[in-house]
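**Q** Heads up: the sequence lines are chains X and G, in that order.
Heads up, the first sequence is in full-length UniProt numbering, so the first residue is 1 and it goes up one at a time.
Heads up, the second sequence is in full-length UniProt numbering, so the first residue is 1 and it goes up one at a time.
Hints may be right or wrong, so weigh each one.
Which copy is meant is left open, because identical chains are indistinguishable; a pair holds if it fits in one copy or across any two.
[As the list claims (entries may be wrong)] Here are the simulated EDC-like pairs of lysine to aspartate or glutamate, each with C-alpha atoms no more than 20 Å apart in a straight line: (1) Lys39 <-> Asp228; (2) Lys376 <-> Glu163; (3) Lys49 <-> Asp200; (4) Lys49 <-> Glu62; (5) Lys39 <-> Asp200; (6) Lys147 <-> Glu136; (7) Lys29 <-> Glu163; (8) Lys147 <-> Glu137; (9) Lys216 <-> Glu128; (10) Lys185 <-> Glu211; (11) Lys376 <-> Glu387; (12) Lys235 <-> Asp212; (13) Lys242 <-> Glu229.
To be clear, the hints were calculated from the coordinates, so they are not data collected in a lab.
There are 2 protein chains.
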Amino acid sequence: MKKILGTSLLLFGMAAFGQTKEDSVQFSKISLEVLNNGKGYNDLRELTKNIGHRLSGSEAYEKSVKWAEQKLRDAGADKVWLQEVMIPVWVRGKESLHIKTSNGGWKSLKMLSLGNSEGTGGKDVSGEIIMVKSMEEYEKLSPEQVKDKILFFNYAFKQSFIETFKGYSDAAKYRTTAASLTAKKGGKFAIIRSLSSAFDDVPHTGAMRYEDNVVKVPAVAIGSSTADELEVLLKNQKITAKLNSNCGMKGEKLSHSVIGEITGKKDQSVIVVGGHLDSWDVGEGAHDDGAGIVQSIEVLRTFKKLGLQNNHTIRVVCFANEENGVKGGVQYGKTVKEKNEKHLFAIESDAGGFAPRGIALDMDDTKRKQIQGWSKLFLPYGVYNFEEKFSGTDLYPLHDMGIPAAELMPDSQRYFDIHHTEEDTFEKVNRRELLLGAVAMTQMIYMIDKNW
Amino acid sequence: MKKILGTSLLLFGMAAFGQTKEDSVQFSKISLEVLNNGKGYNDLRELTKNIGHRLSGSEAYEKSVKWAEQKLRDAGADKVWLQEVMIPVWVRGKESLHIKTSNGGWKSLKMLSLGNSEGTGGKDVSGEIIMVKSMEEYEKLSPEQVKDKILFFNYAFKQSFIETFKGYSDAAKYRTTAASLTAKKGGKFAIIRSLSSAFDDVPHTGAMRYEDNVVKVPAVAIGSSTADELEVLLKNQKITAKLNSNCGMKGEKLSHSVIGEITGKKDQSVIVVGGHLDSWDVGEGAHDDGAGIVQSIEVLRTFKKLGLQNNHTIRVVCFANEENGVKGGVQYGKTVKEKNEKHLFAIESDAGGFAPRGIALDMDDTKRKQIQGWSKLFLPYGVYNFEEKFSGTDLYPLHDMGIPAAELMPDSQRYFDIHHTEEDTFEKVNRRELLLGAVAMTQMIYMIDKNW
Numbered sequence: 001m002k003k004i005l006g007t008s009l010l011l012f013g014m015a016a017f018g019q020t021k022e023d024s025v026q027f028s029k030i031s032l033e034v035l036n037n038g039k040g041y042n043d044l045r046e047l048t049k050n051i052g053h054r055l056s057g058s059e060a061y062e063k064s065v066k067w068a069e070q071k072l073r074d075a076g077a078d079k080v081w082l083q084e085v086m087i088p089v090w091v092r093g094k095e096s097l098h099i100k101t102s103n104g105g106w107k108s109l110k111m112l113s114l115g116n117s118e119g120t121g122g123k124d125v126s127g128e129i130i131m132v133k134s135m136e137e138y139e140k141l142s143p144e145q146v147k148d149k150i151l152f153f154n155y156a157f158k159q160s161f162i163e164t165f166k167g168y169s170d171a172a173k174y175r176t177t178a179a180s181l182t183a184k185k186g187g188k189f190a191i192i193r194s195l196s197s198a199f200d201d202v203p204h205t206g207a208m209r210y211e212d213n214v215v216k217v218p219a220v221a222i223g224s225s226t227a228d229e230l231e232v233l234l235k236n237q238k239i240t241a242k243l244n245s246n247c248g249m250k251g252e253k254l255s256h257s258v259i260g261e262i263t264g265k266k267d268q269s270v271i272v273v274g275g276h277l278d279s280w281d282v283g284e285g286a287h288d289d290g291a292g293i294v295q296s297i298e299v300l301r302t303f304k305k306l307g308l309q310n311n312h313t314i315r316v317v318c319f320a321n322e323e324n325g326v327k328g329g330v331q332y333g334k335t336v337k338e339k340n341e342k343h344l345f346a347i348e349s350d351a352g353g354f355a356p357r358g359i360a361l362d363m364d365d366t367k368r369k370q371i372q373g374w375s376k377l378f379l380p381y382g383v384y385n386f387e388e389k390f391s392g393t394d395l396y397p398l399h400d401m402g403i404p405a406a407e408l409m410p411d412s413q414r415y416f417d418i419h420h421t422e423e424d425t426f427e428k429v430n431r432r433e434l435l436l437g438a439v440a441m442t443q444m445i446y447m448i449d450k451n452w
Numbered sequence: 001m002k003k004i005l006g007t008s009l010l011l012f013g014m015a016a017f018g019q020t021k022e023d024s025v026q027f028s029k030i031s032l033e034v035l036n037n038g039k040g041y042n043d044l045r046e047l048t049k050n051i052g053h054r055l056s057g058s059e060a061y062e063k064s065v066k067w068a069e070q071k072l073r074d075a076g077a078d079k080v081w082l083q084e085v086m087i088p089v090w091v092r093g094k095e096s097l098h099i100k101t102s103n104g105g106w107k108s109l110k111m112l113s114l115g116n117s118e119g120t121g122g123k124d125v126s127g128e129i130i131m132v133k134s135m136e137e138y139e140k141l142s143p144e145q146v147k148d149k150i151l152f153f154n155y156a157f158k159q160s161f162i163e164t165f166k167g168y169s170d171a172a173k174y175r176t177t178a179a180s181l182t183a184k185k186g187g188k189f190a191i192i193r194s195l196s197s198a199f200d201d202v203p204h205t206g207a208m209r210y211e212d213n214v215v216k217v218p219a220v221a222i223g224s225s226t227a228d229e230l231e232v233l234l235k236n237q238k239i240t241a242k243l244n245s246n247c248g249m250k251g252e253k254l255s256h257s258v259i260g261e262i263t264g265k266k267d268q269s270v271i272v273v274g275g276h277l278d279s280w281d282v283g284e285g286a287h288d289d290g291a292g293i294v295q296s297i298e299v300l301r302t303f304k305k306l307g308l309q310n311n312h313t314i315r316v317v318c319f320a321n322e323e324n325g326v327k328g329g330v331q332y333g334k335t336v337k338e339k340n341e342k343h344l345f346a347i348e349s350d351a352g353g354f355a356p357r358g359i360a361l362d363m364d365d366t367k368r369k370q371i372q373g374w375s376k377l378f379l380p381y382g383v384y385n386f387e388e389k390f391s392g393t394d395l396y397p398l399h400d401m402g403i404p405a406a407e408l409m410p411d412s413q414r415y416f417d418i419h420h421t422e423e424d425t426f427e428k429v430n431r432r433e434l435l436l437g438a439v440a441m442t443q444m445i446y447m448i449d450k451n452w
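Just chain X, with the same shape it has in the complex:
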């Protein structure tokens, strides 16, 4: 008995070792292929330089749909199609913000209207600025104090979090709610300090939301240093602000998410890898989320190029309209439900094309622990963090259907310097960092495909 047990353990041990070794060899092949022959960086150059930013509803977005369709075919997808999505159309138009100090003329400030905000209809709207630095300070203001004023929410992005996404979440309520908070106390429009980890003059746009049954007043963002200067000015004097903007919602439009897949050799259950194809209407949407798009295409290309025999269908989804509606993600989830398509796993890359540090896991304990058991395989690639955490926005409908969801976790230090700004350009993306993200996602999908 002892001997038999010994032999069994030995065999078991060998099998386990064999599997790990085989996986580690496969991990290495994936890495070599992507780092040496990866197309993701050049794809990103095309997307950002030939098309540029691509807000939902824009002509550029429609161009990017055609581009992604072609790229998926070039990467070797067995099947490529467009998924119809009704998307909201928001247009910025001309905009300007000026301030007047008690003893001077008008001075122009760098600004961006927040996404989904209404404008002033091309008319000047002006009033005295009142500053609050927190929600608590806002709560203390009476409607009399705010009436006909401009509310300036000067809440600084907290530098103290190690992961900048925590700083972003912490400050995000100011962006989403400033307009309605202003309107509820009778203010004319809201100015917010940008959700930015940088100390510069770059305004960051991003989605805001109007509360139901509250007047829709405009909301705009200014850069950190402009906010600091304004705060100093407000210490000694009354400041008038004047906004003129043409932005606003222009109804809805039929558009598309782009989907490509390689068919499963064993069954048709689906593993999703994706990013969002749309971006804000400034900069080039390079990190947000051109990176996620080209990485996802790279995953498919690498499976085909290496001839990996995928058991299940590997599907790339380039989601429409993540930035100001998440209509692509919602539509994808709805379609999965309608067609009753079995999904094994879904991963999104939507946190920038920086060097990967981990993969956030949003699924039940058993599955999460199984994946965490593979972590040693990822360590040589600098990927060590497999925390339970929020998965990508576009995947939430899938997550809510009980499908295990995940998100690539790149280093977060630089993201909120350039997020939703003119600075989110191709030049800010490093080739190796971008490709290593694709390596980690390909490796993870290889493991899921093999073991689930």
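Keeping the supplied structure of chain X fixed, place chain G upon it in accordance with the hints.
**A** What follows is chain G alone, placed relative to chain X:
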């Protein structure tokens, strides 16, 4: 007995927990102080923008000595002094490289002479280019084939390593040996493809060495894309290269490393944290190694600011002449030996101001394992890698004396895009990444100071 044992274990457990908790609270205080109030980023702006690059022997280097002295005083050092170091003086001067194709005129190539290389004495030196892509190809060339020719070492930086330092080490021999290899077979000068992870036209300088008793011919570097173009041209035709350069060694000079310390409260044994103050004579020496200098000063500042009661002396060393001689490091080691100063630990930051991922440990097993036992404390700061590995160049003399040495390991993906080039500027450094490196070093020194 059982009960007593139980109690002991409980007390031991509580003490251990208490210590960890206390440490984790202290780690958090350090991080908050540096991320919220850190001066390192502004210090780096001063060093790079007011002084700029600062090669050993230059006036700028002497300015940086004065600057570092003042910064250490401002940071609260109890004692600041200059350590005399005799340094080699290498000067670049004017330089140009042209090529002539069989049917065209002369075309100028972007180039940099390698550091420590001799020039052409301001005269044109020309000859036909022969390309080799590896040492093996070089070995196969006969002296007859090389005589009076220009040897072009076109060895490409390997993209396949995950840590780019491995790619750098792999390619480094071409930079250090190309000139003597060329001379030994009768060639006139050497051109190397830059040790670069980027696919651009930026030449990278860096130290080369002449073998004893071999003619000192010049060696220059060209950027990756220029090297690729030259390779294509050489397929169809003979190409002549013409070099004109004035670089060369100009003897030695007395200069200084800069040292500042806070005195140990318990004893005078020393913990060193440092970087090198010199840089190459192009760009601004921001990542290499302005980052290491300002991070080291930040460590001292943070100890003082938080009132941490350091048991041992914490000493910042800004080493002279790392880039082309390591005379500062050697002199420091020599002085430690002469004065018989007890050193507990030394850590250098000289791998760029990128987000930290680990601390390389170069010491005996017992000490290394003790440090590795602290790794959970570092994990929330993104610092997870405590491998046995080479410590900083300047610390080698200390390491050889048996002193435990370490080096900060930042993310390496972007470093060799800009290393030793015009592109190594302040703009390439991210404030948070830089400061997180200082956080990790301060935390490590806090642990060493407390436990050793």
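**Q** At most 20 Å between C-alpha atoms: does Lys235 with Asp212 qualify within a copy, between copies, both, or neither?
**A** So Lys235 and Asp212 fail the 20 Å test inside a copy (35 Å) and across (70 Å) alike.
**Q** One pair to classify: Lys147 and Glu136, alpha carbons no more than 20 Å apart. Within, between, both, or neither?
**A** Within one copy only: 18 Å inside, 80 Å across.
**Q** Have a look at Lys39 and Asp200 and pick one of within, between, both or neither, based on CA distance no larger than 20 Å.
**A** between (33 Å within a copy, 17 Å between copies)
**Q** Could you place Lys49 and Asp200 in one of the four classes (within, between, both, neither) given a Cα distance threshold of 20 Å?
**A** between (25 Å within a copy, 17 Å between copies)
**Q** Using 20 Å as the alpha carbon limit, work out where Lys376 and Glu387 are close: within a copy, between copies, both or neither.
**A** Result: close both inside a copy and across copies, 14 Å intra and 15 Å inter.
**Q** Should Lys216 paired with Glu128 be assigned to within, between, both, or neither, using CA atoms and 20 Å as the limit?
**A** within (19 Å within a copy, 73 Å between copies)
**Q** Evaluate Lys376 and Glu163 at a C-alpha cut-off of 20 Å and name the case that applies: within, between, both or neither.
**A** Between copies only: 17 Å across, 23 Å inside.
**Q** Measure nothing new, just compare the shortest in-copy and cross-copy C-alpha distances for Lys147 and Glu137 to 20 Å and report within, between, both or neither.
**A** So Lys147 and Glu137 pass the 20 Å test inside one copy only (16 Å; across, 80 Å).
**Q** Is the C-alpha distance from Lys29 to Glu163 at most 20 Å within one copy, between copies, in both cases, or in neither?
**A** Only across copies: Lys29 and Glu163 sit 16 Å apart there, 31 Å inside one copy, limit 20 Å.
**Q** Using 20 Å as the alpha-carbon threshold, which applies to Lys242 and Glu229: within, between, both, or neither?
**A** within (17 Å within a copy, 55 Å between copies)
**Q** Within, between, both or neither: how does the pair Lys39, Asp228 come out at a Cα-Cα threshold of 20 Å?
**A** between (42 Å within a copy, 19 Å between copies)
**Q** Using 20 Å as the alpha carbon limit, work out where Lys49 and Glu62 are close: within a copy, between copies, both or neither.
**A** within (15 Å within a copy, 44 Å between copies)
This entry does not satisfy hint 12, going by the numbered hints stated previously; all others are met.
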